[in-house]
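Enquirer: As given, the protein sequences belong to chains A and B, one line each in that order.
Numbering-wise (numbering that gives the first Met the number 0), the first sequence opens with residue 0 and increments by one.
Numbering-wise (numbering that gives the first Met the number 0), the second sequence opens with residue 0 and increments by one.
If you're looking for bench data, these hints aren't it; they were derived computationally from the structure.
Be aware that a few hints might be false.
[Claimed, not checked] With a Cα cut of at most 25 Å, we get these calculated DMTMM-like pairs of lysine to aspartate or glutamate:
hint: 1; chain 1: A; residue 1: K125; chain 2: A; residue 2: D3
hint: 2; chain 1: A; residue 1: K269; chain 2: B; residue 2: D274
hint: 3; chain 1: A; residue 1: K294; chain 2: B; residue 2: E173
hint: 4; chain 1: A; residue 1: K294; chain 2: B; residue 2: E185
hint: 5; chain 1: A; residue 1: K125; chain 2: A; residue 2: E143
hint: 6; chain 1: B; residue 1: K232; chain 2: B; residue 2: E173
hint: 7; chain 1: A; residue 1: K294; chain 2: A; residue 2: D239
hint: 8; chain 1: A; residue 1: K269; chain 2: A; residue 2: E220
hint: 9; chain 1: A; residue 1: K125; chain 2: A; residue 2: D110
hint: 10; chain 1: B; residue 1: K232; chain 2: B; residue 2: E144
hint: 11; chain 1: A; residue 1: K269; chain 2: B; residue 2: E144
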Amino acid sequence: MIIDQVIAASLTLTTPILLAAMGGLVNRQGGIVNIALDAKMLAGAFVAVIVSSMTGGWFFAVVAAAVAGAVIGYLFSLVITRANANMIVAGLGLNVLVAGLIGFVLNWVYDSSGTLRLPDVQLLPKFLPDSVSSIPLFGLALSELEPLTVFAWLTVFALPFLLANTRIGLWVRATGNAPQVARAMGISGRNVQDFSTAFAGFFSGLGGAHLALASIGLFNEGLTAGRGFIALAAFYFGRDRPIATALVCLLFGFLDATQIRMQTAGLPPKLIGTIPYLMVLVALCIAGWRNHRRKAVAP
Amino acid sequence: MAEEASIRRPLFEGWLDRGVGLAFPFLVALVVAAFVLLLIGENPIDVFALMFAESFGTQRRIAATLSAATPLLFTGVATAICFRSGVFNVGVEGAFVVGGLCAAFIGFTLPAALGPTLIPLAFGFAAIVSAIWLYVPGFLLARYEVDEVVSTLMLNFVAFGITGYLVNGPLLSEISGNNVTPLVHEAAQLPRLLPPSTLHAGFLVGILVVVLYGIWARRTPSGFEAALVGQSKRFSSAVGISIPATIILVMVLSGVISGLGGGSHALGQLHRFADGFSPGYGFTGMAVALLGRNNAVGIFLGAVLFGALASAGTTVQLFSDIPLDIVNIIEGTVMIFAVVELGRISLSRWRARR
Numbered sequence: 000m001i002i003d004q005v006i007a008a009s010l011t012l013t014t015p016i017l018l019a020a021m022g023g024l025v026n027r028q029g030g031i032v033n034i035a036l037d038a039k040m041l042a043g044a045f046v047a048v049i050v051s052s053m054t055g056g057w058f059f060a061v062v063a064a065a066v067a068g069a070v071i072g073y074l075f076s077l078v079i080t081r082a083n084a085n086m087i088v089a090g091l092g093l094n095v096l097v098a099g100l101i102g103f104v105l106n107w108v109y110d111s112s113g114t115l116r117l118p119d120v121q122l123l124p125k126f127l128p129d130s131v132s133s134i135p136l137f138g139l140a141l142s143e144l145e146p147l148t149v150f151a152w153l154t155v156f157a158l159p160f161l162l163a164n165t166r167i168g169l170w171v172r173a174t175g176n177a178p179q180v181a182r183a184m185g186i187s188g189r190n191v192q193d194f195s196t197a198f199a200g201f202f203s204g205l206g207g208a209h210l211a212l213a214s215i216g217l218f219n220e221g222l223t224a225g226r227g228f229i230a231l232a233a234f235y236f237g238r239d240r241p242i243a244t245a246l247v248c249l250l251f252g253f254l255d256a257t258q259i260r261m262q263t264a265g266l267p268p269k270l271i272g273t274i275p276y277l278m279v280l281v282a283l284c285i286a287g288w289r290n291h292r293r294k295a296v297a298p
Numbered sequence: 000m001a002e003e004a005s006i007r008r009p010l011f012e013g014w015l016d017r018g019v020g021l022a023f024p025f026l027v028a029l030v031v032a033a034f035v036l037l038l039i040g041e042n043p044i045d046v047f048a049l050m051f052a053e054s055f056g057t058q059r060r061i062a063a064t065l066s067a068a069t070p071l072l073f074t075g076v077a078t079a080i081c082f083r084s085g086v087f088n089v090g091v092e093g094a095f096v097v098g099g100l101c102a103a104f105i106g107f108t109l110p111a112a113l114g115p116t117l118i119p120l121a122f123g124f125a126a127i128v129s130a131i132w133l134y135v136p137g138f139l140l141a142r143y144e145v146d147e148v149v150s151t152l153m154l155n156f157v158a159f160g161i162t163g164y165l166v167n168g169p170l171l172s173e174i175s176g177n178n179v180t181p182l183v184h185e186a187a188q189l190p191r192l193l194p195p196s197t198l199h200a201g202f203l204v205g206i207l208v209v210v211l212y213g214i215w216a217r218r219t220p221s222g223f224e225a226a227l228v229g230q231s232k233r234f235s236s237a238v239g240i241s242i243p244a245t246i247i248l249v250m251v252l253s254g255v256i257s258g259l260g261g262g263s264h265a266l267g268q269l270h271r272f273a274d275g276f277s278p279g280y281g282f283t284g285m286a287v288a289l290l291g292r293n294n295a296v297g298i299f300l301g302a303v304l305f306g307a308l309a310s311a312g313t314t315v316q317l318f319s320d321i322p323l324d325i326v327n328i329i330e331g332t333v334m335i336f337a338v339v340e341l342g343r344i345s346l347s348r349w350r351a352r353r
């Protein structure tokens, strides 16, 4: 019974991180370390709640959230690629700016500080029949399955193919990994990077929509709780490979789901919350140490 | 960054460039903010005038501005010291928080009988622990080429987690309720400079840090070498400067200064450590360092500007019904445009055309 719940909760909590990580991964393959995923998730969640309430349709809400994320990502990219802004500082700045803008709108338009509760917010539909919940272990997870989780996992398995076998996938990888080659081939690196940042925004927006519409149906300023950075940690740990990154996301989702349970077992949640970041540090050290040894052997 | 080592240009041009560097991001931010204000039907000029009056109008308001600028003096220098050597340290925030906790810890655990010696002890402990905190990514970068942006960013979250755990667990104050440590002893509190305001002696320490940084950067061989490493790694190693040693030096110095900043904030401002100790001072410090082009005077001006914004924002919300978030909008825009080269490019183009 408890295992059922942990599996279901892990899967649900993985989805937003996974979506953002897939976007950030493509972005990093294109040569941009996107530190503002969190801002786009927040914007996505905010837009999703408003549009869902206005139209009463989850689909429009999800699309609007993704578009909002993509537009913010594109504008952000322009500042980096056209005006040579530093991507790290600009990314941190965007996090501050988006939080400020959303807070401002919340305060001014909706006259509330921090939380937005709107009527008629339609949540993501659970499309499998209730009868699946009788399946052992995975039943509960299956019965709670919604379109965005399915989409996220489809993306995970489609991305390796898209990156390896399509023109745009190759362009993105060439721009990030071999800029000279890309330039020699006549690819506009800036345009490709703008595309990849908009792509990251699109997926982060979806992640935000999932956060807002999966179960709670309201917006809160602290809704993302740094999940954009967890996503960053995930694709760094997964070394930009979609499937490896997805497994890392699953682990982080599991940690998130079990935090509350571990608290009752005496493990403080704040310390458990640092595990993803420590894992990245360890992964970076191992990778650095390996490179170092390889260089020492064959200089 | 380029000023120090590049060919000496006429003094005036350097200052003009720097002035534009500092002003341009702020102008963009003011335009963005003005646009937002127009949308809600406020007159931006009135609001900006009110904000200016609220940050520099009276002696009390100036004191509040300088008080808000104090942590930024430390985080600005701590960031600049790394940036000018090409080390992209974004971990000042974490080191600041760790330093604050360490200073507060000394301030309330050691016996009050130690009197004013508590202050140097607390500052020393904070500086040492924060130095070790940033030594780790410094060492990893110097020895194994571990990307410092990610390692320091991740360490920030580790710092938030650990300190958050400590103030909610072992170091939780028994009297005050949630998320705070006990108050430090009275002897460990930094004196207030202009009593009604919260401006405290930490501001003087911050000024001292900025001045020492300026002297180190411009007048010492070590500071010059560190800047050279930022200019060209190949040239630096060709003339015999050890790049790993420089990286570790600037990271440790950055840690020391972050620790002192956290200590000053804990002992002077809050008199304890609390969850949410820093509302992003380390990140604002990055904007300060970039705006000030890593120059001591520039850092001071940048810190005061951001301090003014923070202190004006709170009162503007009281006097008008403009949400406080306008401050975040301005700050975020400044950060995004802080390093944009538009201003400098157009200026040099304009000069070339003449």
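Enquirer: So, for every hint listed, does it hold in this structure?
Expert: Taking the hints in turn, this is what the structure says about them:
no.: 1; hint: A:K125 x A:D3; in the structure: holds, 17 Å
no.: 2; hint: A:K269 x B:D274; in the structure: holds, 12 Å
no.: 3; hint: A:K294 x B:E173; in the structure: violated, 54 Å
no.: 4; hint: A:K294 x B:E185; in the structure: violated, 56 Å
no.: 5; hint: A:K125 x A:E143; in the structure: holds, 6 Å
no.: 6; hint: B:K232 x B:E173; in the structure: violated, 53 Å
no.: 7; hint: A:K294 x A:D239; in the structure: holds, 23 Å
no.: 8; hint: A:K269 x A:E220; in the structure: holds, 19 Å
no.: 9; hint: A:K125 x A:D110; in the structure: violated, 32 Å
no.: 10; hint: B:K232 x B:E144; in the structure: holds, 14 Å
no.: 11; hint: A:K269 x B:E144; in the structure: violated, 30 Å
Of the numbered hints listed earlier, those contradicted by the structure are 3, 4, 6, 9 and 11.
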